[in-house]
Amino acid sequence: IRRSVSCPRSISIFAMQSQAAEQRPFSAKPAVQMPRPSSVNRSHSLNRNSSSFRMCNTASLGTSLLQQRTKEQEEALTRETLFIFNDMRIKFPGKTDEEAELIIENIMDNWKYHKTNVASYWLIKLDSVKQRKVLDIVRTSVRAVLQRVWRVSDVECLHLYRIFNRVFNRLLWSHGQGLWNCFCNSGSSWETIFSKRTEVVTPEQLQCCQRIVHLCKHCLLVAYKYSADSRGSHTGISPDWDDTRYLLPGPSQFIMKTSSNFICTSSGMPRSNILFTPRYSHL
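So for the sequence shown, my numbering puts the first residue at 1; every next one is plus one.
Among the hints, erroneous ones may be present.
To be verified - Between beta-carbon pairs, the in silico distance windows are:
#1 Thr96 to Ser195: 15 to 21 Å
#2 Glu101 to Ser153: 21 to 27 Å
#3 Ala76 to Arg162: 16 to 22 Å
#4 Thr192 to Lys112: 23 to 29 Å
#5 Ser195 to Lys71: 30 to 36 Å
#6 Cys184 to Glu105: 15 to 21 Å
#7 Thr192 to Glu72: 28 to 34 Å
#8 Trp111 to Asn165: 26 to 32 Å
#9 Gln73 to Val200: 15 to 21 Å
#10 Lys95 to Glu191: 30 to 36 Å
Claimed, not checked - Computed list of lysine-lysine pairs in DSS-like fashion (alpha-carbon distance at most 27 Å, straight line):
#11 Lys115 to Lys125
#12 Lys112 to Lys217
#13 Lys95 to Lys71
#14 Lys125 to Lys217
Honestly, the hints are just simulated from the structure, not real lab data. Keep in mind it's a predicted model, so treat the numbers as computed, not measured. Ideal placement from N, C-alpha and C gives every residue a C-beta, glycine not left out.
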């Protein structure tokens, strides 16, 4: 006893060994946490569920409002596009707007006389490339209108233009038979491209398509009459019929234009007349 009391180092070593022996079991076993009462867990779970429910409702409400605003904007822009389409006319090279209208009306009033010649011009004399060039007169103007109204540089991203593109493809179907059917009793047969799909086309979108078809018909009649006049024949048949120089007017001869100097937008603000195809600006 006297040695242990007189040697504090032995006491400190013994104390350190005892302390290490007491700490070893705790370091070997993981710490055990006391479980929370089930009522506390339940209340926290209810709070989390209610908060997440409120967040989901808020997010869905914001998304629906955004979609609704976008839909309303698209409907307004579609109506404005239709307004411009209804104001568009096909220009006959070297003729006034009134003279061009009279030429088209005269062909339609004497359709029995012109029908065979127009059919021969469109279905036989024009190959697929030249047929596409005729409709491209309208297509180019449609693209320019969409770029101006919808304020986009690439109209390919517009759902409305994709609808129009299907109409143009339908008119060129079977070597132009689609457009020719529009002059027959089945004038609305092209509309079947929408009935075979689950996609719903709004009335304004359908009216835009109908106006495009109407402009394509007039464009064909103007190209036919211009070609016939260029050959010096009003019947559409002449010895130089096979000369491809007379089958189509030059691309700079046509311009799609509106009948008014100012266009009133859906917002009520006047807009200057749109020059649909800039390369025709000299006409």
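Hints, one by one, checked against the model:
Range check, Thr96 to Ser195: Cβ separation about 40 Å, and the 15 to 21 Å hint is violated. Between Glu101 and Ser153 the beta carbons are some 34 Å apart, a value that contradicts the proposed interval 21 to 27 Å. Checked against the given bound of 16 to 22 Å, the beta carbons of Ala76 and Arg162, roughly 19 Å apart, stay inside it. At about 27 Å, the beta-carbon gap between Thr192 and Lys112 stays in the expected band of 23 to 29 Å.
Distance hint for Ser195 and Lys71: a CB-CB separation of about 23 Å, inconsistent with the stated range 30 to 36 Å. Hint check: Cys184 to Glu105, Cβ distance near 19 Å, so the stated range 15 to 21 Å holds. Checked against the hint of 28 to 34 Å, the C-beta distance between Thr192 and Glu72 comes to roughly 30 Å, which is consistent with it. The hinted window of 26 to 32 Å between Trp111 and Asn165 holds, with their beta carbons roughly 29 Å apart.
The hint said 15 to 21 Å for the Cβ distance between Gln73 and Val200, and at roughly 18 Å that hint holds. About 32 Å separates the C-beta atoms of Lys95 and Glu191, a value consistent with the hinted range of 30 to 36 Å. Annotation: proposed proximity of Lys115 to Lys125 holds, straight-line Cα distance about 14 Å (limit 27 Å). Among the hinted pairs, Lys112 with Lys217 is consistent with the structure: their alpha-carbon atoms are about 16 Å apart, no more than 27 Å.
Proposed proximity of Lys95 and Lys71 is contradicted: the alpha carbons are some 41 Å apart, above 27 Å. Between Lys125 and Lys217 the alpha-carbon distance is near 17 Å, which keeps this suggested pair within the 27 Å criterion.
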